[in-house]
Amino acid sequence: MTLIGWAQIALVLGCALLLAVPVGRWLAALAEGRLGGLARLDAAVLRAAGVDASRGQSWQGFLLAMLAFNAAGFALLYAILRLQGVLPLNPQGFASIPPYLAFNTAISFVTNTNWQAYSGEAAMSHLSQMMGLAVQNFLSAATGIALAFAVMRAFATGGVTQLGNFWADLTRITLWLLLPGTLLAAFAFIAMGVPQTLAASVIAATPSGGEQTIALGPVAFQLAIKHLGTNGGGFFGVNSLHPFEGPSALATSLQIVLQVVLPFGLCLAFGRIVGDARQGRALLAVMVGFVLVATLSIYAAEAAGNPLHIAAGVSPIQGNMEGKDVRFGLALAALFTATTTGASCGAVNAMIDSFTPLGGLVPLFLIQLGEVLPGGVGSGLYGMLVFALLAVFIAGLMVGRTPEYLGKKVQAREVKLAMLAVLVLPAVILGFTAAALVLPMGLASLQDAGPHGLTEMLYAYSSAAGNNGSAFGGLTADTPWLNTTLGLSMLLGRFAFVIPVLAIAGSLAAKPRAPEGPGTLPTHGPLFIGLLAGVILILGGLQYLPSLALGPIAEHFAMLAGQTF
Amino acid sequence: MLRPLLSLLLGSTLLLGVAVPLGVTAIAGLTMPERAGGSLIRREGQVIGSALIGQNFEGDRWFRGRPSATSAAPYDASSSAASQLGPTSAALLAAVTERVSGAREVPADAATASGSGLDPHISPESARRQIARIAAARNLPVQRLATLVEQNIEARELGLLGEPRVNVLRINLALEAFR
Chain E
-7 MTLIGWAQIA LVLGCALLLA VPVGRWLAAL AEGRLGGLAR LDAAVLRAAG
43 VDASRGQSWQ GFLLAMLAFN AAGFALLYAI LRLQGVLPLN PQGFASIPPY
93 LAFNTAISFV TNTNWQAYSG EAAMSHLSQM MGLAVQNFLS AATGIALAFA
143 VMRAFATGGV TQLGNFWADL TRITLWLLLP GTLLAAFAFI AMGVPQTLAA
193 SVIAATPSGG EQTIALGPVA FQLAIKHLGT NGGGFFGVNS LHPFEGPSAL
243 ATSLQIVLQV VLPFGLCLAF GRIVGDARQG RALLAVMVGF VLVATLSIYA
293 AEAAGNPLHI AAGVSPIQGN MEGKDVRFGL ALAALFTATT TGASCGAVNA
343 MIDSFTPLGG LVPLFLIQLG EVLPGGVGSG LYGMLVFALL AVFIAGLMVG
393 RTPEYLGKKV QAREVKLAML AVLVLPAVIL GFTAAALVLP MGLASLQDAG
443 PHGLTEMLYA YSSAAGNNGS AFGGLTADTP WLNTTLGLSM LLGRFAFVIP
493 VLAIAGSLAA KPRAPEGPGT LPTHGPLFIG LLAGVILILG GLQYLPSLAL
543 GPIAEHFAML AGQTF
Chain S
-4 MLRPLLSLLL GSTLLLGVAV PLGVTAIAGL TMPERAGGSL IRREGQVIGS
46 ALIGQNFEGD RWFRGRPSAT SAAPYDASSS AASQLGPTSA ALLAAVTERV
96 SGAREVPADA ATASGSGLDP HISPESARRQ IARIAAARNL PVQRLATLVE
146 QNIEARELGL LGEPRVNVLR INLALEAFR
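Read top to bottom, the protein sequences are chains E and S.
According to this note's numbering, the first sequence is numbered sequentially starting from -7.
According to this note's numbering, the second sequence is numbered sequentially starting from -4.
FYI, nobody ran anything at the bench for these hints, they're computed from the structure.
Warning: the hint list may mix true and false statements.
Unchecked claim - Some residues of chain S that are not near chain E, with every Cβ distance over 10 Å (derived):
no., residue
1, Gln79
2, Arg128
3, Asn134
4, Glu145
Stated by the list, open to error - Taking CB as the label site, the calculated pair distances span:
no., chain 1, residue 1, chain 2, residue 2, range
5, E, Ala303, S, Ile148, 27 to 35 Å
6, S, Glu39, E, Ala63, 28 to 36 Å
7, E, Thr394, S, Arg151, 53 to 61 Å
8, S, Arg151, E, Gln555, 36 to 44 Å
9, E, Ile195, S, Ile148, 24 to 32 Å
10, S, Gly24, E, Pro172, 20 to 28 Å
11, E, Ala303, S, Pro159, 24 to 32 Å
The structure displayed is predicted, hence computed values, not measured ones.
Each residue gets a CB set at the ideal place from its N, CA and C atoms; glycine is no exception.
Please model the complete structure; the sequences and the hints are all you need to start from.
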C-alpha cells in the first residue's frame, strides 16, 4: 500500500460523494414528479404511451405492472438471442444463442444481474448487444429505481394505499435520468479511447511480422449504462479489464464514480422525500463506511502479494499482479472491486478469481451481506431500508418498546416480511451451492481443486442471487445445470426479495406518521449507524461464516503453509 | 396495462437500442474518428495495431509484453481472456516459476499473466530488465536503450491515477526506427 494509492481512493470516492448531492436532488424531484422545464415534454410522452401519472397504484398493482413488464422484457430478449443468427447487424456471423444460455442470459439482464456465461466478442452480434442487452441495462435499472421510489413514498406519506405509478416512474427515470447520464458518460469514454463503431474487427499486420485480429464494436454507449445502471455486463469477455472497455486509470475511475453515484444519491433522495436529510445521510454513512473498510482490506491483501510466488523469485513490490493489468494499479483495482460487488454492479477491472484468498473473500462477503453496501440502483436503498426496519425492531426489543422508524410503527407483519426477504438470499445461495458441490453436473464445472474450488461455486451462486454478476471466472458456467440453477437464483434473488419489500411498503403507507416521542430512538445518529452496521453483519453475514471458513479462509492458511492444489 | 407495457417496451427498444446508439456512433465517428475507431496505428496506410491493445513480441530483439492467457495464441484480440487461476493453484505456481527461471526479484508484472490477455503495458522496471538482452541482440549501446526506456515511461494520469508504465508497442516502434 502506498500513500499515492490511498490518495487515489480518496479522490475517486470523494468525487462520487460530491456528485451524489445534485444527483440525489434530481432523484427526489423525479420521485415527486417535479420536472420543471421538462414537464410538458414528459406529459406528452406519457400521454403517447397511454400512461396516466396521476393514477396511483396499490402495492399489488405496482408489483403486477413491474412483474408483467419484466416478463415481457425477458420474452423479447430471449427471442432476440435465440434468433440472433437470422437477424441483421451480425457482421461476424455469430450463430443463435442456444436455449439454456439464452434463458440464463435473458434472466440475467432483466434482473439487473448481468451474469455472463458467454464471452461478448465471441458470441454476441451488435444487434443483440444494442437492442437486446443494452436496452435491458436501462430498463432493469429503471425498474430498480422505480421500486425504490415506491418504498420511499411509503415512508413519506401516511394513511394512503397508493405507492405511485410504475409506468410513469419507469418512463421518467429512463428518459430524464439514465439516458442523459449515459450520453454524457458515453462521450467521455469515447474521448478516453473507448471505441464506438459498427465495424466488427480490424486485422493488423504487426511490426513483429504477425497478424492480429482486433475486435471492435459500439462499446462506449453500452459501457456507460453498464456502470450507471449497476448492470455490469461487459461488451468484451474480460469486461472493464479489456483495454477498449477500460483504456486508462481515468476511465476506470469514472466507472467507479458511475457505479456508486445512483445508489449514493438515492440515500440522499430518501432523506429529502421523508423530509429529514439526516436520515438519508445516516444510511449513506453506513454504506460508505463498509465500502472504505472493504477497499482497504482488498488493497492490503493484494499489495502483500502471493507468498508462494515471492518465494519463487517474484519481487513483492507490485503485489499480486496475476489477472490484473498494469495501468490501473492496485488501489483502483481494490476500490473498483469493492464498489462493483458492494453496488451489485458486477463489472470487473481485475480478475477476482486470481486475487489472494483474503482479497477474494471481501467481494464475496460484500455480495452475501445482501447487496446493500451501497447496493444496486434502487435495490440498494430498499434492501438497506429492510435492514433499518430490523435494526429498530431489535433496538425496540432491547428497551421493550414498540419500534418505529420515521414515525411508522414497525409491527409483527412488517418484521415477518422483512425477515422473509432477508432469508431469501442465504437460502438460495447456500442451498444451490451445496447441491452443486455434491452433484456431478455441478462439480464438472470447477476449474480449481481444493478450497478455491468451493469458493468458485459459492461465489457463482452468491453473485447470481445477489444480482451482482461478477464471477470467479475459472468456473465453466455455460452448462445446462449451471445455466438453469443460476438463472433461478437470479430470479429468486430479485423477485422473491422484492415482493415482501413491496408488501411492507404497502402496509407502511397505510399507517399514519406519528410524531417523535421522548422514547423514540433517533435514526440519524452514530448510535443507529452502529446498530444498523451490526445488524447487517449479524443478520446478513453470520450464516455464511462456515462456508467462508471452508473456502477462502482455509485457502489462506493453505497458502501460508506453502500448499498448492 | 397492455398499452403502456407494449409502448414502453417497444419504444425503449427502438430509442435506446437503435436510434440513440446509432446517433452516438455517428457523432463519435464525425468528431473523434480516431478514438471511436479503436485508436489504430497505421504505417503507410496499413493498420499495424492499436495503441491500446498489446501485441505478442517474441525473441531477443524486442521488448516483450506481459504473459498472456488468451487461448488460441497469446494476445488474441478477438477473444480476451485471463488465466483465472487461483492463488494456490499448482498450475499457476509452475507457470510463474518457469517465467522467473531462477532469477531473483523479478517484477510481478513480468511473471504473471495479465487480466485482459491484451495488456499493452509493462512496468518501467520490467522494461529496464530487458535492456541488456535487446542491446546484445541488436548490437546497440545499452545507454541508448536506457534513454529510450526512460523517454517511454508514461507518468500517472493527472499526476495521481494509475501506475507509471511503458507501452510495449510504442517502444518497439521507436526501437525499430533506430535502424
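- request: Please write out, lowest number first, the hints stated earlier that are contradicted by the structure.
  value: Hints 1 and 6 contradicted; others consistent.
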